[in-house]
Structures are given as C-alpha cells and as structure tokens.
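Enquirer: Chain by chain, the residues run as shown.
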Amino acid sequence: DSGVTQTPKHLITATGQRVTLRCSPRSGDLSVYWYQQSLDQGLQFLIQYYNGEERAKGNILERFSAQQFPDLHSELNLSSLELGDSALYFCASSPLRTATNEKLFFGSGTQLSVL
Amino acid sequence: AQKITQTQPGMFVQEKEAVTLDCTYDTSDQSYGLFWYKQPSSGEMIFLIYQGSYDEQNATEGRYSLNFQKARKSANLVISASQLGDSAMYFCAMREGQSGGSNYKLTFGKGTLLTVNP
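Residue numbers (the numbering used here), protein chains in the order written: chain C, 7 to 121; chain H, 226 to 343.
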C-alpha cells in the first residue's frame with residue numbers, strides 16, 4: 007500500500023459529461039501529481055501541485071482542471087468528456103517538489119470509461 | 226525528442242534466468258534521478274529502484290540492479306533469478322531539475338512488457 011488513496015476506482019460515464027477524480031496524498035506529502043495512462047500515449051504527466059499551488063503543467067487539456075485543497079487532497083475535474091478521454095488516471099505524491107531523488111508514490115488509479 | 230526511450234516493447238525470459246530491460250535517456254541537466262517502476266496487470270505502479278546522476282555505484286535492491294552508464298546515458302534494469310510474479314510492464318522514468326525545464330516532474334518511457342515463462 008503506497009498510502010495514496012484515489013477514488014473512485016472505476017468510473018463509467020457518457021460523452022459530454024463531467025466527472026471529478028479525488029486523491030488523498032500520503033500523510034505529510036506536499037506535492038501531488040496527476041498522470042493519464044492510455045494505450046496509445048503511455049503515461050502522460052498532466053499537472054503538479056505543491057502545497058496548494060499549481061507548479062507545473064504538462065499535456066493537460068483545457069477541458070481538464072485540477073486543484074489542491076488546504077488539507078492537501080486534490081481533485082481532477084474532467085469536463086465535456088470525449089471517447090478519447092477513456093484512460094487510467096493516476097495520482098501520485100511526494101514529500102517535496104525540488105528534489106531529483108524523490109520517488110513518487112502512486113495511487114491505484116481511477117479507470118475512466120467514456121461511452 | 227524523447228526524454229526516455231525503452232526500445233523493447235516486449236521481452237520473454239525463462240523462470241530463474243536473468244533479464245535486462247533497456248532504457249536510455251536524454252537530458253542536459255547535471256543533476257537528475259532515474260527510476261524504475263513495475264506495473265502488474267492489476268494496474269498499480271510499484272517503485273523498484275532509484276539511481277542518482279552523481280551516484281558512483283550502481284543501485285541494487287534485492288533481485289533488481291540498475292546498470293548505470295552515464296556517458297552512454299543508459300540506465301538498464303537487471304532482474305536476476307526471474308520469477309513468475311515478475312511478469313508485468315516495466316517503466317523507466319527520469320526526474321530532472323528545474324533547469325531542464327521539467328520542474329521536477331517524473332517523465333516516463335513507453336514501457337517494456339516482461340513475460341516470465343515457467
């Protein structure tokens with residue numbers, strides 16, 4: 007168990023809908039990262055938050071947004087969903103932000119299926 | 226350009242044999258970290274091993290070792306005495322410093338699917 011909790015584990019929805027994925031980082035970790043894993047794109051970095059502030063953006067669509075709350079949990083909001091958004095969405099956490107030797111602890115992921 | 230390249234989409238190994246999974250990376254940073262993660266069919270991402278760019282010795286963690294060749298920019302994972310439970314997808318990843326423009330995020334390769342045969 008990595009200590010990172012993601013809910014829900016599975017989500018099935020329809021095109022055009024909006025969903026929210028939730029992540030609780032490991033106790034004490036200040037950084038939260040969101041990744042999208044799909045068969046064709048592999049593991050793509052979406053966005054990083056550190057202590058409530060956005061710190062880095064990757065290949066995140068404008069239809070997607072995220073935030074990190076004062077209690078350090080994070081939510082990833084996906085709107086106007088398309089079939090191509092079907093993927094496994096991972097949240098990961100680490101204690102700091104600025105250390106190249108810090109490994110990321112991953113949650114078990116949310117499998118999103120857009121029908 | 227790809228930051229992390231894993232050239233082997235799939236690999237097969239016999240149980241109890243050793244296997245090497247290749248990884249090359251591209252960075253202009255002097256300080257960076259290299260990681261290997263395992264993703265079994267259940268989906269979770271499991272950290273295996275870490276190598277720092279300034280580490281002079283190759284990292285080892287149990288049956289896992291990392292063959293780090295800095296000049297060649299390669300960080301191959303060696304799994305000794307393969308077990309059936311080692312069958313999984315393996316990802317090589319790199320964490321650069323801020324000067325690399327990546328702002329400390331972890332960049333992953335496409336992965337290698339390892340199958341251990343009995």
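Source of the hints: derived by calculation from the structure; they are not laboratory data.
Please note: incorrect hints may appear among the correct ones.
Said to hold, decoys possible - Only pairs whose alpha carbons sit at most 30 Å apart, straight line, appear in this in silico DSS-like list of lysine-lysine: (1) C:Lys15 / H:Lys295; (2) H:Lys335 / H:Lys241; (3) C:Lys63 / H:Lys298; (4) C:Lys109 / H:Lys298; (5) H:Lys295 / H:Lys335.
Enquirer: Regarding the pair Lys109 of chain C and Lys298 of chain H, is the alpha-carbon distance no greater than 30 Å?
Expert: holds (20 Å)
Enquirer: Given the hint that Lys335 of chain H pairs with Lys241 of chain H, test it: the Cα-Cα distance must not exceed 30 Å.
Expert: Holds - the C-alpha atoms of Lys241 of chain H and Lys335 of chain H are around 26 Å apart, at most 30 Å.
Enquirer: Quickly compare the C-alpha distance for Lys63 of chain C and Lys298 of chain H to 30 Å and report which way the hint goes.
Expert: Distance ~26 Å between Lys63 of chain C and Lys298 of chain H Cα, so the pair holds.
Enquirer: Is it true that the CA of Lys295 of chain H sits at most 30 Å from the CA of Lys335 of chain H?
Expert: The hint holds at about 21 Å.
Enquirer: Take a quick look at whether Lys15 of chain C and Lys295 of chain H sit within 30 Å of each other, Cα to Cα.
Expert: This hinted pair is violated, its Cα atoms lying about 39 Å apart.
Hint check: a violation occurs at hint 1 only; the rest are consistent with the structure.
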